[in-house]
Amino acid sequence: MTYKTTKYVLLLVSLLFFNTTWADDGSLSMLVHNCMSCHGPNGASLGPATPTLASLNPSTFIKAMEEFRDDERPSTVMKYIAKGYTEEDYQVMANYFAKQQSIAPQQSVDADKVKRGAELHQKYCKKCHDEGVYTTQPSTIIVGQWMPYLRLTLDDFHTGIRELPKRVLKVMRTMVEIEGEKSLDDLVHFYASQAEQK
Amino acid sequence: MSNITRRNFIKVAAGMTAASMTGCSTLPPPPTGKKRVVVIGGGVGGATAAKYIRKADPSIEVTLIEQNKYYYTCFMSNEVLGGVRSLDSIKFSYDGLLKRGVNVVHDLATGIDPSMKKVTTQSGATFYYDRLIVSPGIDFKWNAVEGYDKSVAEKIPHAWRSSLQTVTLRKQLEAMKNGGNVIIAVPPRPFRCHPAPFERASQIAQYLKHHKPKSKILILVANDTFAEQKLFIEGWEKLYGYGTDNSIIEWVPFSEGGKVVRIDAKEMTVYAGEFEDEYVGDVINFIPAQTAGKIAFIADLVDKTGWCPVNHKTFESKRHPDIHVIGDANTAMSRAAHSANSQAKVCAIAVVKALQGKEMGTPYYMTACYSVLGEDYGISLSAVYHLEGGKIALIKGAGGYSPMDATPEVRKREVLYAHSWYKNITNDIFG
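Chains G and R, in that order, are what the protein sequence lines are.
The end of the first sequence is residue 198 by this note's numbering, with every number in the run present.
The end of the second sequence is residue 1431 by this note's numbering, with every number in the run present.
Hints are all accurate, no fakes.
Quick list of in silico lysine-lysine cross-link-like pairs, DSS-like style, CA-CA up to 27 angstroms:
#1 Lys99(G) x Lys1099(R)
#2 Lys1313(R) x Lys83(G)
#3 Lys1304(R) x Lys1118(R)
#4 Lys99(G) x Lys1055(R)
#5 Lys1412(R) x Lys63(G)
To list a few chain R residues with every Cβ distance to chain G over 12 angstroms, as calculated:
#6 Lys1034
#7 Lys1230
#8 Gly1389
Read the hints as simulated data drawn from the structure, not as lab findings.
C-beta: ideal position from N, C-alpha, C; glycine also.
Working from the sequences, and respecting the hints, build out all of it.
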């Protein structure tokens, strides 16, 4: 079995067998409730920047925690926090937050930026992100995520602090070259505006 | 009787035997059938514990005894002092807990009887418990420094407990002339929230820089080092001229006479160090040395250090059974709001499982502490802990600070995250 297949089998096994509830010994509770002090009730962050985890795709969650743990992804506190938990913990957390209801944050958007962002999305992002933007499967939460967090994520990808597949980085850098750095802001406003339609 | 453990049975049997020997007046009240938890203290620890017990098992009756109708958070209050945050934004009511079915009683707990398992209050009410959680925060060593007692605390505020002293101190800063001196006196360790006095100095410096730039801040520190010292000094160098002749902030370590030994409130003068160096202040923020909150002393929950020893897994007092102590009052973790919040969640499970007669699982504990030094400049520390040999211990690699020499972008993000942490944790506690 490849590594990726093994991970998915483990995930399936964990869904079947590690489904502890509060009615049991409270381990699940003591695991996930720690996250909520920063990430909000059931992972639905109240912002302004700490990202929402509620409804997040489980494999995206696990990948994020592994990258934080292994210092492969920039962070402020997650680099330490991720080291506190095991792979099994990541899977339990991932399963839990995946099942939580996401609550689209109330954010104000600029109409001009939304209009420009819609065009940019069509031109540069839609090809790969069509499904990924409007639903939470299979990638990550974009529509319904906090704008400052989206912006800093795009910045980290654009500057190369955070890794992207080469061809994706090329598209992003091409966009910023042609449309200017404000294009990142326009996209963020556009995605935030889509939250109402969910 | 369902779910009665052997331990509970022995206690009930012993109680009945004792009662039969001393007469009917000492019999405990007839059990209501419902499990009852009483929580003393509606601060971070107590409110979180009350909420999480109700979440875990709504069949458990929870009574929260808290003197004040509103809670003003100490964390982020430094931003109110700095003039960048409203007082209203740090004010929280108990409506959220009421909605969760917590019986919130605005009263002062004045006595605990561990054998009768009851709490008595200032107004004369009595609350029986199956389990008691005491989260009383801190009290001050009022007589540790000559000249500082409760009567001078309005003139020389500590602003170190949820109270309107934040407003008092802010008003004093607003009234101070340009060119005035602010003195902050930091007590010997341990005290509530080790980085906080230095965040306070930073926030006041921010205010002075923009509004009263000829003014100075002097921090008298009763220790030779302070929390996140390198990070604070780096920030002060970048923001407030530290290290130059124009530095807004100066500090005196213990070995150079930083420990305040006497205060003359009338003359607004503090005396520090073995030679009693004299410092006159226009505004003096004196933070007294601390102990566990008063009720912990009344109830014999403290040891000779003045803090409460507890079991690190359940937070049960080592001195009296069925009483749990969480937050600043115990010696389990470094004292901080996030620690109290984290402990409360573990304690809630410990209490709920004990009352359900079930095994308690594996706890994790956390702390995350943000300090906002100025506009777009934040730092943090965070850590995850577990039990090792029955004691709370840092998990290897799972704790650390913001890096030195970070980019302005990173410092700016930490402020956004600090504000996010604040919104989410206050909702976690009171929502």
